[in-house]
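Student: Residue strings, one per chain:
There are 2 protein chains.
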Amino acid sequence: MNQIHTIAVVGGTGPQGRGLAYRFALAGHPVILGSRDAGRAQEKADEINAKLEAETVSGATNADAVGAADIVLLAVPWDGHADLVSSLAGQLADKIVISCVNPLGFDADGPYGLVLEESAAQETQRLVPQARVVGAFHHVAALSLWKTQDALTHEDVLVCGDDDEAKSVVQDLAAAVTGKRGIDAGRLRLARQLEPLTAVLISMNKRYKTRSGVAITGVQEG
Amino acid sequence: MNQIHTIAVVGGTGPQGRGLAYRFALAGHPVILGSRDAGRAQEKADEINAKLEAETVSGATNADAVGAADIVLLAVPWDGHADLVSSLAGQLADKIVISCVNPLGFDADGPYGLVLEESAAQETQRLVPQARVVGAFHHVAALSLWKTQDALTHEDVLVCGDDDEAKSVVQDLAAAVTGKRGIDAGRLRLARQLEPLTAVLISMNKRYKTRSGVAITGVQEG
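As you go down the protein sequences, you meet chains A and B in turn. Here the working numbering is used: the first residue of the first sequence is 1, the next is one more, and so on. Here the working numbering is used: the first residue of the second sequence is 223, the next is one more, and so on.
The hints are simulated quantities; they were obtained by calculation from the structure and are not laboratory data. Note that the Cβ used here is the ideal one computed from N, Cα and C, for glycine as well. Possibly wrong hints are sitting among the right ones.
Each pair of labels, with its calculated beta carbon distance range [unchecked claim]:
| # | chain 1 | residue 1 | chain 2 | residue 2 | range |
| --- | --- | --- | --- | --- | --- |
| 1 | B | Thr432 | A | Gln3 | 22 to 32 Å |
| 2 | B | Arg262 | A | Leu114 | 33 to 43 Å |
| 3 | A | Asp37 | B | Gln225 | 56 to 66 Å |
| 4 | A | Thr153 | B | Asp329 | 32 to 42 Å |
A few chain A residues that don't get close to chain B, going by computed Cβ distances all over 10 Å [said to hold, decoys possible]:
| # | residue |
| --- | --- |
| 5 | Asp109 |
| 6 | Thr148 |
| 7 | Thr210 |
Make a model of the complete structure from these sequences and hints.
Tutor: Printed below as a string of structure tokens:
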């Protein structure tokens, strides 16, 4: 049986944050949605609770949400990422911080990965050296998370990080989404590869009018 | 029924080139292995023919191999890539040129994607503007290609490119490896995302002692 965590979702009013908050809550984890505006966070929490038919989710300012949690999910836009992370540095220290942030660009030819020397996850680790940063949940489609409550059993959550214990906790947490433990995808720096892969998935979604996901063949976890 | 092509494999003496040459030949495509040394190419061709129990594969210099083919697979190391492509520019012009080149670095922490503004596939397109460059076959493990003759039906070949007709031909060709048409992964620039994903797969191979591969969920191709 997996451990129960109190999870703050920073950026919980966006579609990816909302979808993951819903799945975490469905799996029994108390969730605190964070937003700049506590009232807006509470509205989104009420929306998720209505769907859950439970009161598992609450809303708060980002700082209060992070302060009350033992695991933090950063589900914020890349635009403004460094400022937001810096503003929460005090509260993020020593916590398991999951980044599912995707630094993407969009133009007339569709989505693409920005040319960056470090990933969003690495940026968070640099800005908050005491945080236990893990990259995960980049590739699960927001609508697939929200539209049903069925586990996305055909997909895999790829988890990267340099803190093996934190990584293992997040691998367990992935079961809330896929029904199975996430895959250890290696060191945190490989977030540079995982994050922009989302551009390829969005491109396929447009081309095939679908919600695509990633599965890894040949790997068996827990 | 898919069309038969004469396929040159530049870098056909390396493991990825050898594995893909074997699969293309197995699917009925005449293959010409290219190498700097025609004698070495012929030795590798003999090795593949012995496994095929047929004479479908021949060896030649890179320039002769490319000159005689209608599709060229570049399966060469990133180191020296620009020089090699430039040296073959005349022969590559107007051909369908598949790049499966992965610009990776390796150090004590394992594999990682190099920080580059353009992918190997984009570099080839820039160096040979008349070539019809397609990125594909980055993620299929060399040993999985070589060790059995079973189609890798659980895996997907992701194909990117800006020439829709060339891309479609390569999607068909993917059936030689997976038994099904490859997935249209979007524009050529997304090779920047596809190529270094191989670092994640190699990392998982070490962690799980396996040969991992990629599958895309939610997409159905012909």
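Student: Hint by hint, note whether the structure agrees.
Tutor: Quick rundown of the hints versus the structure:
1. B:Thr432 / A:Gln3: 22 to 32 Å: holds, 27 Å
2. B:Arg262 / A:Leu114: 33 to 43 Å: holds, 41 Å
3. A:Asp37 / B:Gln225: 56 to 66 Å: At roughly 59 Å between Cβ atoms, B:Gln225 and A:Asp37 fall inside 56 to 66 Å, so the hint holds.
4. A:Thr153 / B:Asp329: 32 to 42 Å: holds, 36 Å
5. Asp109: Per Cβ check, A:Asp109 is inside 10 Å of chain B; nearest 5 Å; violated.
6. Thr148: holds, 13 Å
7. Thr210: violated, 5 Å
Hints 5, 7 from the earlier list are contradicted by this structure; the remaining hints agree with it.
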